[in-house]
Each structure stands twice: as C-alpha cells, then as structure tokens.
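Take these sequences, add in the hints, and give me the full structure.
Keeping their order, the protein sequence lines are chains B and U.
Okay, so the first sequence: first residue is 1 according to this note's numbering, each after it adds one.
Okay, so the second sequence: first residue is 1 according to this note's numbering, each after it adds one.
Please keep in mind that the hints were generated in silico from the structure rather than gathered at the bench.
Careful, some of the hints might be misleading.
Partial list, derived from the structure: chain B residues whose beta carbon lies under 8 angstroms from chain U [unchecked claim]:
(1) L3
(2) A70
(3) L115
(4) I119
(5) L133
(6) A136
(7) A142
(8) C146
(9) N161
The beta carbon of each residue, even a glycine, is placed where N, CA and C say it ideally should be.
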Amino acid sequence: MDLNQLFADAKKGDKKAESLIYNYLFERFKFLVGQKINTNDVEDIAQEACMTLLSKYKAMEGRENFESWAYSILKNKIGNYLQLRRVEREELSDKMDDIRNPDRGPIDIQIEKRLNDCIKEIISYYPRYARALNLAYQGYKADEICEKMDIKPNNFYVILNRGRNLLRNCLEMGRIKA
Amino acid sequence: MRSSSEQQLCNLLHAYEIGALTDEDRERFEIHLLKCDACYSSVKEFKAHSDTMVRSELIKGTVSQGIAETEPKGSFEKLRRYLLPDVPVIFRPAFLYLLLLVVLIPLVISMIQMRGTNIESVQYQDLISTRSAKRTVLEKDLSNQATLTFFYPDARHNRNYRLIITHENGQVIYKDENYNMFNEYQTGAINLDIENLTPGRYNLTIKDPELGDQREENVYTFWIE
Ligand SMILES: [Zn+2]
Numbered sequence: 001m002d003l004n005q006l007f008a009d010a011k012k013g014d015k016k017a018e019s020l021i022y023n024y025l026f027e028r029f030k031f032l033v034g035q036k037i038n039t040n041d042v043e044d045i046a047q048e049a050c051m052t053l054l055s056k057y058k059a060m061e062g063r064e065n066f067e068s069w070a071y072s073i074l075k076n077k078i079g080n081y082l083q084l085r086r087v088e089r090e091e092l093s094d095k096m097d098d099i100r101n102p103d104r105g106p107i108d109i110q111i112e113k114r115l116n117d118c119i120k121e122i123i124s125y126y127p128r129y130a131r132a133l134n135l136a137y138q139g140y141k142a143d144e145i146c147e148k149m150d151i152k153p154n155n156f157y158v159i160l161n162r163g164r165n166l167l168r169n170c171l172e173m174g175r176i177k178a
Numbered sequence: 001m002r003s004s005s006e007q008q009l010c011n012l013l014h015a016y017e018i019g020a021l022t023d024e025d026r027e028r029f030e031i032h033l034l035k036c037d038a039c040y041s042s043v044k045e046f047k048a049h050s051d052t053m054v055r056s057e058l059i060k061g062t063v064s065q066g067i068a069e070t071e072p073k074g075s076f077e078k079l080r081r082y083l084l085p086d087v088p089v090i091f092r093p094a095f096l097y098l099l100l101l102v103v104l105i106p107l108v109i110s111m112i113q114m115r116g117t118n119i120e121s122v123q124y125q126d127l128i129s130t131r132s133a134k135r136t137v138l139e140k141d142l143s144n145q146a147t148l149t150f151f152y153p154d155a156r157h158n159r160n161y162r163l164i165i166t167h168e169n170g171q172v173i174y175k176d177e178n179y180n181m182f183n184e185y186q187t188g189a190i191n192l193d194i195e196n197l198t199p200g201r202y203n204l205t206i207k208d209p210e211l212g213d214q215r216e217e218n219v220y221t222f223w224i225e
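Here it is, written out as structure tokens:
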C-alpha cells in the first residue's frame, strides 16, 4: 500500500482513502505500541493516535514525510500515556517498570526449547552470528558490536539476517540448511 | 518499488528484533515498519521467537557457553579477521605482509651476497724514503687492505725491478723479483693484505737488478699498528 498516495487522495476529499489510512495505521500502531510498552490499553492508544492523525492531516504540508509524521504522533501518545500512568501511580514505581518493559509475561517453554536447540546447532556452523548475538545479549548496540567484531555495519546486518534465516530454517524444517 | 535507502532499512530487521539498534536507528526502523509490508510481516510473524530470544536466560547461557567452547576457532577467526578484514584487497594486512616479504626477501638476499663479496674500504699510503722524518702508518683498525704507492726517481717504465718487504725481525712478507708496474712518473704501487701481519716497522726495498751493486738500494719504511 502506498501511504503517501492514500494520504494525497484523502487530502483531496477521498473518504475511502481516509478510511483505508485509518485501518492500515491502526494495525501498525497497535503492533508498535505492543513493541514499546506492556499494557492492556494498546488499542486505545493506537485508536487515539489514529484519530489525532485524521483530525490534523489536512493541515499538514504535502511535502512532509507522512510516515515520520504519523510515527511522531504515535510516540507522543505513548509518552502522554506513560505520563498519565505515572501521575496515577506515583507511589508504585515498579508498576511503571512493568509498563515500560514490553517483555513481561511468561516465556513459552516449547518455543524456548526449540529455539535453544536450533541456536546450539547454529553456534558451531555460524559462530559469527553467535558472537554478534552474544554481544547484543551483553547490552552492546550495533555500533559498539561492529567495533568489537571489527566489521562494518552492513556486514553486521548481513551476519544477523543470515543467522536469522538459518534459525528460521531450523525452526521450520529441523535443520539449518534449506 | 522500494528506494535504496528503504532497502537499507530492511537490513536492520534482525538487529531490531534482538534489540541491538541504537535509539536513533530503532526509530528509523519503526517508521520504516509503518510502510514496509515485508519487514512488518517478518517482524510480526517472528515476534514470539524474537521476544523469547531476547528474554530467555537459557538461550543467553547457550550462546555464551557456545562462544566459550568455540574459543580456539574464535582465535583463528580473530586472526583471520585481522589478516583479511572486509576492506579492499590491497588494504588487507595479509596482502601487505605478502608484499613486504616479496620486497624484503630479495633485499636481504642481495645484502648477504654483498657481504660475501667483501666490499671494504682500502687505505692508501704514499711511502716516502727513509730519509724523511714523517712516519707512514697503516692502521689495522681502518681496514685490512692497503695500497702502497712509492716514488722511485730512477724507475723506468716496463723495466723489471726487485721488491721486497721485510719486518724488523727479518721476516720477508712480500717479494716480487720482476716488478714492472712503474708508470711514466716513476711511481709504483702494490696492494697489501695487512690483516695477519705483525705490528711493527717494515721496510720496502727496491733494487734495479741491471745495475747490480753499483747503486744504492732505495728503502721505504712504514709501520703497521
Ligand atoms: Zn523493509
């Protein structure tokens, strides 16, 4: 879907385009909220962001990057949400940590076991992926990992994506090579 | 069709999933997720696995233990990465070391050969008659090779003369019965290896055999120290 084209059509008064934008962004916003915070209010935040976006987009300059603008609205909604929760739960700071960390909740033991078996296999087959993964586990970010592994960012991303493909092959077929 | 900068953002996929992106790149990728269907589907489809990968202590342990176990390979890999980093061939240390060897080996060989040819400095001394007060000294420290020149007023070009050098103890260290190398300026020269000669005073005696005993011998004195 070409968001910028839909956006242009909606600005000209195309109601169908406007509704398509809403449905499309609602899904993606929900996903991104879930990636960033741990809350049952995912849909509310996504919906609010979509409403704000639809109420303002006509005033937006045509040349501006639509996705960046949409993302900034979502980010703002998430920020407001966290701010509101903080005021509500001033005394419960650990609750805020729960919200900020989207990775709370039990781990699926079966997924964990299958992943673990596959990663064991990949380590000896493709140690560079294991090394990159290990550094990421230690909290290093891409630029620091590249420095430690003495590689360029592009190579780092290639290593990771190749490792991911091996991992997916292993998860789907039980072996790392297709 | 995706632009090349959007295509580059697609490469950040797995780094995003495992939380290895900087804040700035994570935002760029999330904006990209708003419009790239391929990345959005991939991240969504793999989400349960990537969340588990990021959170599981079991998997983290497996990875760090696995790295430790492959450490010998890791060292080899380190060496390989040092010698063959991902840069153009001419900048790889392996290539540069090879180039250095190609240049250095012939240089070292030629230096060894030059040592074999014994290129040394030579000390030149003009011998003067014993009647002079000046001392002519050949110094062993300077070099083992000496070229002695001597002026013999009666010498004639292409005529044979008798040359003898004797140490003060009487030992003859050089003898030539038919020396005919005087030039048209009555000057002759001989080369002398002084390395094994005893230090002390030496006399070079030149005699014209044709004159028999009618003429006094010409004697030149020098010292070896
Ligand atoms: Zn993409």
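Exercise for the section: List, from low to high, the hint numbers that the structure doesn't satisfy. Expected result: 8
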